[in-house]
Amino acid sequence: MGGLAFSTPGPNGDPPLHVPRLTTDVYNELKAKYTTLLQQIYRIAAVPHEAPGKLDHGDIDFLVEGPQDGLADDDVVKHLNAKRHIKNGPTRSYAVPLPHQEDSYVQVDIHICPDGHLKWDFFMNSYSDLWQIIGVAHRSLGITANDKGLNLRVQELEGVNRKASMIFLTDDPVRTMQFLGLDDAKYNLGFQDEDELFAWVSRGRFFNRDILEERTEKANDRRRVNMRGMYRRFLQEWVPSHPATGIQSSAWTREEVLSEALATFGKRAEYDAIIYDFHTQENEITLWKRIAQILPLKDPSLSVALRALKRWVRFDDGHPVLRSSAQLGHEGRLVWSAEMRRDKSKIDKDNDNHSGGDEERILKWVEAHWEEAKALEKKRVGAEKSARAVKKNCLESNITAEESRSETKG
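Numbering follows full-length UniProt numbering, in which position 144 of the sequence shown is assigned residue number 144; successive positions increment by one, without gaps.
Check each hint, because a few of them may be wrong.
What the hints assert, rightly or not - Ranges between beta-carbon positions, derived for each pair:
| no. | residue 1 | residue 2 | range |
| --- | --- | --- | --- |
| 1 | Thr-91 | Glu-156 | 33 to 43 angstroms |
| 2 | Trp-288 | Ser-325 | 37 to 47 angstroms |
| 3 | Thr-23 | Asp-74 | 23 to 33 angstroms |
| 4 | Asp-103 | Glu-156 | 58 to 68 angstroms |
| 5 | His-369 | Leu-395 | 46 to 56 angstroms |
| 6 | Asn-393 | Arg-333 | 30 to 40 angstroms |
| 7 | Trp-288 | Glu-255 | 47 to 57 angstroms |
| 8 | Ile-275 | Asp-299 | 32 to 42 angstroms |
Said to hold, decoys possible - Listed below are the simulated BS3-like cross-link pairs for lysine-lysine, each with C-alpha atoms no more than 25 angstroms apart in a straight line:
| no. | residue 1 | residue 2 |
| --- | --- | --- |
| 9 | Lys-148 | Lys-218 |
| 10 | Lys-119 | Lys-31 |
| 11 | Lys-78 | Lys-31 |
| 12 | Lys-83 | Lys-163 |
| 13 | Lys-31 | Lys-54 |
| 14 | Lys-119 | Lys-186 |
| 15 | Lys-31 | Lys-83 |
| 16 | Lys-119 | Lys-267 |
| 17 | Lys-33 | Lys-78 |
| 18 | Lys-310 | Lys-267 |
| 19 | Lys-298 | Lys-378 |
Since the hints were made in silico from the structure, they are not lab data.
Think of the CB as a built atom: it goes at the ideal place given N, C-alpha and C, for glycine as much as any other residue.
Given the sequences, and given the hints that come with them, work out the whole structure.
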């Protein structure tokens, strides 16, 4: 929180606390001290790499994992001798007395990582805005990093359901850098200044200045430029001042990056399944639109007929037949566009679109049998209503009989 967590009055009206910025020497001394303290109560405690060349610091940001059994916030407060603390989701901010400075404090932020996630969180939070820069340089290629790991976005889905479009690739920092063509050894050694870090990013194998110069900026991008200094300096100062950087004679396309990612991380089968399901759903929507168009009905009769077809039709080796009983509810309901492609022995998953012949065959069958399906549904609904009426009458008769017996006894 940049050292500002305690700049407002406390919950009981206590005055704000003085949290001065720390010189690099003081910062490093306190970081080492609190690392030792926190490693006594957490399995792992670490501070992400700071921005290169940073002259002072507003707080000390820790990532921790594996708390001691039964460890509570109050235990951490006592362990750090904190004056005040604030809880914000998985992150806690502690105001710890600053040595040798009366009435002054250092803000220690502790983010509690789920088991097994600290290594990736450390990677994502190191070197200030580094991942903001890597992200914008690879976004149009379908590569995205989030708090779970490195992901591939399936282009066909991302405009419809961005979350569902994500294919998880890895949460291993080294594998991530190797895939992006970034020097992981240099990353671990560190960077002397921003220029060295920016040059490191630009040597990635997918880096292309045309992607940056032709990018479509969103509101978040403009906000990031205003709020993130390193990100802004990279885009607006460093890239323009290095005109030869990122020029590729044969730039990677999104399709090429897709193939590379699927091969590298063994995700081809998962991708194929997603694409198959996507096209099946698209085909299903298209098929039912055509079915609705050929029925000589308008709502509400049209809706009744469509519902009847969905409930009363099953498929036998790709051929529609009427059921003996209705399939109610959505669970287990058939996807017609998939069923009609069952060629008695297999589904051809390489065929993204059902053939026109199959569709025409289904439409002709619907024209010939929709009235039967509708009649079956009408009969089912009528029987259901009659059963409810009988049940209601029986219940009312029982109540009347009980009331009569009560009056007789009275």
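Against the 25 angstroms threshold, does the CA-CA distance of Lys-119 and Lys-186 hold or violate the hint? Holds, at about 17 angstroms.
Check whether the Cα positions of Lys-33 and Lys-78 lie no farther apart than 25 angstroms. holds (15 angstroms)
Starting from the range 47 to 57 angstroms, see whether the pair Trp-288 and Glu-255 falls in it by beta-carbon distance. violated (31 angstroms)
Honestly, do Trp-288 and Ser-325 meet the 37 to 47 angstroms range at C-beta? violated (22 angstroms)
Straight-line alpha-carbon gap Lys-119 to Lys-267, limit 25 angstroms: holds (23 angstroms)
Hint consistency between Lys-78 and Lys-31 [alpha-carbon to alpha-carbon, up to 25 angstroms]: Given pair Lys-78, Lys-31 holds - Cα atoms ~18 angstroms apart, limit 25 angstroms.
Can you confirm whether the C-alpha distance between Lys-31 and Lys-54 stays at or below 25 angstroms? Status holds; Cα separation ~15 angstroms.
Need the status of pair Lys-298, Lys-378: alpha-carbon distance at most 25 angstroms? Within the cut-off at roughly 17 angstroms; holds.
Taking the CB of His-369 and the CB of Leu-395, does the distance hold inside 46 to 56 angstroms? violated (39 angstroms)
Taking the Cβ atom of Thr-91 and the Cβ atom of Glu-156, is their distance within the range 33 to 43 angstroms? holds (36 angstroms)
Within 32 to 42 angstroms: is that where the Cβ-Cβ distance between Ile-275 and Asp-299 falls? This hint holds: roughly 34 angstroms between Cβ atoms.
Holds or violated: Lys-310 and Lys-267, Cα atoms, limit 25 angstroms. violated (34 angstroms)
Of the numbered hints stated above, those contradicted by the structure are hints 2, 5, 7, 12 and 18, listed in ascending order.
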